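Take the sequences, apply the hints, and build the full model.
There are 2 protein chains.
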Amino acid sequence: MHETRNHEIPPHPDRHFASARLGIIGGGQLARMTALAALPLGCEISILEKNPLSPAAQLAPLTVNGDWADAHTLRKFAASVDVITLENEFVDSAVLRQLEEAGHKVFPTSASIALTQDKLLQKEALVRAGLPVPAFCAVSSPETIAAAGEKLGWPLVLKTRRNGYDGKGNFTLRSRADIPDAWRALRGDINELLVEAFWRFTQELAVMVTRGRDGATVTYPVVETVQRDHVCHVVQAPATITPELAAQTTDIALRAVTAVGAIGSFGVELFLSATGEIVINELAPRVHNSGHYTIEACACSQFENHLRAVLGWPLGSTRMITPAAVMLNLLGTHRVPGRPLGMERALSVPGAHVHLYGKAMCGPGRKMGHVTALGQTIDEAMATARLAANAIHFDPIT
Amino acid sequence: MHETRNHEIPPHPDRHFASARLGIIGGGQLARMTALAALPLGCEISILEKNPLSPAAQLAPLTVNGDWADAHTLRKFAASVDVITLENEFVDSAVLRQLEEAGHKVFPTSASIALTQDKLLQKEALVRAGLPVPAFCAVSSPETIAAAGEKLGWPLVLKTRRNGYDGKGNFTLRSRADIPDAWRALRGDINELLVEAFWRFTQELAVMVTRGRDGATVTYPVVETVQRDHVCHVVQAPATITPELAAQTTDIALRAVTAVGAIGSFGVELFLSATGEIVINELAPRVHNSGHYTIEACACSQFENHLRAVLGWPLGSTRMITPAAVMLNLLGTHRVPGRPLGMERALSVPGAHVHLYGKAMCGPGRKMGHVTALGQTIDEAMATARLAANAIHFDPIT
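Quick mapping for you: the protein sequence lines, in order, are chains A and B.
Everything in the first sequence is counted per our numbering, starting at 3 for the first residue and increasing by one.
Everything in the second sequence is counted per our numbering, starting at 3 for the first residue and increasing by one.
Please note that a few of the clues may not be correct.
Claimed, not checked - List of simulated lysine to any residue pairs, SDA-like, C-alpha gap at most 25 Å: (1) A:LYS52 - A:ARG23; (2) B:LYS170 - B:SER142; (3) B:LYS52 - A:ALA199; (4) A:LYS78 - A:HIS18; (5) A:LYS107 - B:GLY344; (6) B:LYS107 - A:ASN283; (7) B:LYS52 - A:ARG337; (8) A:LYS52 - A:SER82; (9) A:LYS107 - B:ARG347; (10) B:LYS78 - A:ALA362; (11) A:LYS153 - A:THR174; (12) A:LYS107 - B:LYS153; (13) B:LYS78 - B:LEU133; (14) B:LYS78 - A:HIS232; (15) B:LYS170 - B:SER143; (16) A:LYS170 - A:HIS232; (17) A:LYS78 - B:LEU55; (18) B:LYS78 - A:LEU55; (19) A:LYS170 - A:ARG337; (20) A:LYS107 - B:LYS107; (21) A:LYS170 - A:ASN283; (22) B:LYS153 - B:ALA113; (23) A:LYS78 - B:PRO54; (24) B:LYS107 - A:ARG368; (25) B:LYS107 - B:LEU133; (26) A:LYS153 - A:ALA199; (27) B:LYS107 - A:GLY344; (28) A:LYS78 - B:ALA113; (29) A:LYS52 - B:PRO42; (30) B:LYS107 - A:GLU346; (31) A:LYS52 - A:ARG368; (32) B:LYS52 - B:ASP72; (33) A:LYS153 - A:THR204.
Keep in mind the hints are simulated off the structure, nothing from the lab.
Nothing here was measured: the structure is a model prediction, and the numbers come from that model.
What follows is the structure, encoded as structure tokens:
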């Protein structure tokens with residue numbers, strides 16, 4: 003959090019009292035919530051993160067303020083823990099493979115990260131497994147985008163193969179005329195790109211799957227997600243779809259996660275069309291925003307199950323302990339310090355569970371926290387979650 | 003956790019992003035679980051604790067490794083937080099009063115701590131409020147103990163007025179002949195003592211009450227506790243008593259907590275006799291072992307409600323979200339490093355929630371963690387909790 007914690011990891015000859023030493027690469031809210039699940043199980047948590055004010059650093063005294071792209075830092079970090087995991091898919095898989103080759107345990111594996119962090123390789127792996135995805139192809143120039151548009155039809159979605167998230171790295175082209183803008187926006191001159199047929203969905207679904215080191219899997223309920231400006235905004239659990247469709251969606255998600263050799267909790271985003279057709283939109287090789295509701299709504303959360311998976315422990319029950327749950331993201335609107343206001347009003351809403359990520363700065367569309375509410379129905383949970391979420395805002399100190 | 007964190011608290015001119023800055027005096031498991039409840043609500047947690055390997059230090063980078071008996075340390079600590087709370091009743095109330103006089107917010111208040119940390123003053127306050135307690139009186143010599151025994155009858159319980167816990171500071175005298183041993187064991191030459199009539203109970207009950215800064219109160223269900231060697235071992239929620247008795251017990255607990263001007267979560271331990279008579283055994287001015295089950299079993303845990311109370315936030319619902327819950331303490335047996343073994347087996351028990359406190363050293367009777375299980379019945383929850391708790395033990399590295 004400040005310079006006195008920016009220390010080298012000391013040797014701990016006398017500190018053999020943790021159930022396991024888990025290192026997390028990345029210190030954002032996903033690492034923070036994983037750490038919150040890990041601490042009650044007696045784990046010692048180390049975080050490797052550049053930002054000294056990261057959300058996870060606030061509860062991990064063994065935070066290393068360093069760059070995970072630096073091989074020396076990463077090796078030292080790896081040597082101080084039993085198992086390494088990631089909170090994002092942006093760490094280069096080649097770097098992770100080096101750690102594995104040096105004998106460190108990295109889960110998900112570098113091979114699994116390689117297959118998911120590159121959207122082209124991910125889609126190819128899903129197609130090989132016989133799984134449904136929108137038509138896609140790699141593009142390398144404005145001309146190849148134009149050719150793909152003629153083949154796949156317009157609109158067309160241009161994407162960077164790597165490092166995209168929350169709509170960043172995506173551009174929807176209505177016609178050939180948009181190619182120059184799209185090429186510039188996604189920096190086609192330096193980024194590898196692919197295009198995808200625009201898929202007209204009526205619902206966006208998501209499924210969290212946790213897969214253990216022994217290949218055992220558990221699946222969470224199919225949920226419905228609502229995006230706002232490409233950022234996950236609302237999650238309704240379970241999704242209001244037929245049991246048959248839910249079973250089919252779950253099956254696809256399970257096969258997708260298995261296809262990339264997942265270990266840990268993986269998020270599977272899917273599209274559902276008006277005719278009941280399902281395609282996979284994207285895999286995330288990590289805990290996922292669509293699974294935050296599991297903290298309160300399921301017997302064992304996506305975070306605890308991720309931990310169990312990567313540590314080689316048995317997986318917990320994914321059963322919902324309530325008929326319905328709704329999660330609303332708390333998204334920032336302005337670039338101001340991340341101090342939450344309105345807590346009194348939010349906490350006066352019975353049954354609302356407020357989660358704040360402790361981000362130092364707020365920003366437009368930035369995920370600052372979330373609210374989960376349980377209920378007998380989605381409508382009931384939604385009403386509760388809305389009341390609390392609407393009460394919280396982020397403002398400078400006045 | 004190690005010397006690099008044993009730092010002075012630096013000024014944080016740029017760190018105004020916490021919902022509140024909470025300072026906890028004491029870094030044991032109660033502080034740890036309070037911090038785990040506070041972090042999701044965006045609180046910044048600072049711990050003041052002598053033991054650099056304390057359970058709470060593992061998740062509070064702003065830990066001050068210092069002695070709370072040192073006025074200078076305490077003042078600096080107080081200046082770095084918005085509200086101070088305690089995880090034990092051993093901090094001298096006079097020292098806390100000095101902090102209050104310097105303008106710091108301390109909850110529970112020094113007045114409330116004064117009335118509870120001294121068992122004689124506590125019992126006098128309860129009697130003044132018309133509440134039932136076993137007969138008691140102060141004693142100052144072996145002779146006054148003998149006189150009290152003639153008056154109250156044998157057996158007689160000798161107690162230190164302060165600093166007792168888990169049976170430490172208690173001695174049961176079967177007859178006048180035990181006086182010299184009891185006097186020596188409790189160091190009557192240097193400790194202030196009281197005696198209490200031995201109360202033949204058939205059940206030990208406990209109630210957690212949270213009282214806000216505005217005087218609002220919430221009560222948790224009446225639970226039954228089972229002690230082993232004076233240490234809380236089993237908690238069954240709710241207690242298997244009649245609704246009338248539960249209502250009467252809750253009413254007594256609520257009045258007791260109000261009588262000492264509580265702010266925060268307070269534990270009330272009670273005895274129930276074969277004839278249905280209830281007396282208060284003891285008040286604890288803090289979260290309490292008998293309330294750990296609330297983490298999973300209640301809408302808002304004793305820890306979150308403590309936090310809400312001391313920060314002046316609205317109190318949460320104490321409703322049980324399950325028909326029954328059982329908590330079993332994980333008690334140490336030997337003096338060995340506190341590393342838990344058997345996690346794989348414990349986590350393979352569906353529905354068992356394992357909590358480890360991360361203590362560096364294990365010891366006979368030491369509270370190393372607990373297991374909570376929910377169920378449709380107490381028997382079902384007990385069976386689940388036992389399976390998991392029996393799997394965990396603490397051994398040196400082999």
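Structure-based check of all given hints:
At roughly 20 Å between alpha-carbon atoms, LYS52 of chain A and ARG23 of chain A fall within 25 Å of each other, so this suggested pair holds. Of the supplied pair hints, the one linking LYS170 of chain B and SER142 of chain B holds, its CA atoms being roughly 19 Å apart against a limit of 25 Å. Only pairs whose Cα atoms come within 25 Å are accepted, and LYS52 of chain B paired with ALA199 of chain A is rejected, the gap being roughly 62 Å. With a C-alpha separation of about 18 Å, the suggested pairing of LYS78 of chain A with HIS18 of chain A holds against the 25 Å cut-off.
A threshold of 25 Å between alpha carbons decides the hint, and for LYS107 of chain A with GLY344 of chain B the separation of about 21 Å falls inside it, so the pair holds. A hinted pair counts as satisfied when its Cα atoms are at most 25 Å apart, and LYS107 of chain B with ASN283 of chain A does not qualify at roughly 52 Å. Restraint check for LYS52 of chain B and ARG337 of chain A: not satisfied, since their Cα atoms lie roughly 40 Å apart, outside the 25 Å limit. Between LYS52 of chain A and SER82 of chain A the CA atoms are separated by roughly 18 Å; this keeps the pair inside 25 Å, and the hint holds.
Between LYS107 of chain A and ARG347 of chain B the alpha-carbon distance is near 22 Å, which keeps this suggested pair within the 25 Å criterion. The hinted pair formed by LYS78 of chain B and ALA362 of chain A meets the criterion: a straight-line CA distance of about 24 Å does not exceed 25 Å. Straight-line distance between C-alpha atoms of LYS153 of chain A and THR174 of chain A comes to about 16 Å, which keeps the hinted pair within the 25 Å bound. For the suggested pair LYS107 of chain A and LYS153 of chain B, the alpha carbons sit about 69 Å apart, so the restraint of at most 25 Å is broken.
At most 25 Å may separate the alpha-carbon atoms for a hinted pair to count; LYS78 of chain B and LEU133 of chain B exceed this at roughly 39 Å. Restraint check for LYS78 of chain B and HIS232 of chain A: not satisfied, since their Cα atoms lie roughly 46 Å apart, outside the 25 Å limit. A distance of roughly 20 Å separates the Cα atoms of LYS170 of chain B and SER143 of chain B; the hinted pair therefore holds under the 25 Å criterion. For the hint pairing LYS170 of chain A with HIS232 of chain A, the CA-to-CA distance comes to about 8 Å; that is within 25 Å, so the pair holds.
Our distance criterion of 25 Å between C-alpha atoms is met by LYS78 of chain A and LEU55 of chain B, whose separation comes to about 23 Å. For the hint pairing LYS78 of chain B with LEU55 of chain A, the CA-to-CA distance comes to about 23 Å; that is within 25 Å, so the pair holds. Restraint check for LYS170 of chain A and ARG337 of chain A: satisfied, since their Cα atoms lie roughly 18 Å apart, inside the 25 Å limit. Between LYS107 of chain A and LYS107 of chain B, the direct Cα distance comes to roughly 47 Å. Violation of the 25 Å bound is thereby established for this hinted pair.
Of the pairs offered as hints, the one joining LYS170 of chain A and ASN283 of chain A holds, with about 15 Å between alpha carbons and a cut-off of 25 Å not exceeded. The straight-line distance between the Cα atoms of LYS153 of chain B and ALA113 of chain B is roughly 32 Å, outside the 25 Å bound, and the hint therefore fails. About 24 Å separates the Cα atoms of LYS78 of chain A and PRO54 of chain B, which keeps this hinted pair within 25 Å; it holds. Taking the CA atoms of LYS107 of chain B and ARG368 of chain A, the gap is about 33 Å. The hint is violated against a cut of 25 Å.
Distance hint between LYS107 of chain B and LEU133 of chain B is unfulfilled; the C-alpha atoms sit about 29 Å from each other, more than 25 Å. With a C-alpha separation of about 9 Å, the suggested pair LYS153 of chain A and ALA199 of chain A falls inside the 25 Å cut-off, and the hint holds. Straight-line distance between C-alpha atoms of LYS107 of chain B and GLY344 of chain A comes to about 21 Å, which keeps the hinted pair within the 25 Å bound. At roughly 51 Å between alpha-carbon atoms, LYS78 of chain A and ALA113 of chain B are farther apart than 25 Å, so this suggested pair is violated.
Among the hinted pairs, LYS52 of chain A with PRO42 of chain B is consistent with the structure: their alpha-carbon atoms are about 22 Å apart, no more than 25 Å. Proposed proximity of LYS107 of chain B and GLU346 of chain A is supported: the alpha carbons are some 18 Å apart, at most 25 Å. Distance hint between LYS52 of chain A and ARG368 of chain A is fulfilled; the C-alpha atoms sit about 18 Å from each other, no more than 25 Å. Pair hint LYS52 of chain B plus ASP72 of chain B holds up; C-alpha atoms about 11 Å apart against a cutoff of 25 Å.
Distance hint between LYS153 of chain A and THR204 of chain A is fulfilled; the C-alpha atoms sit about 24 Å from each other, no more than 25 Å.
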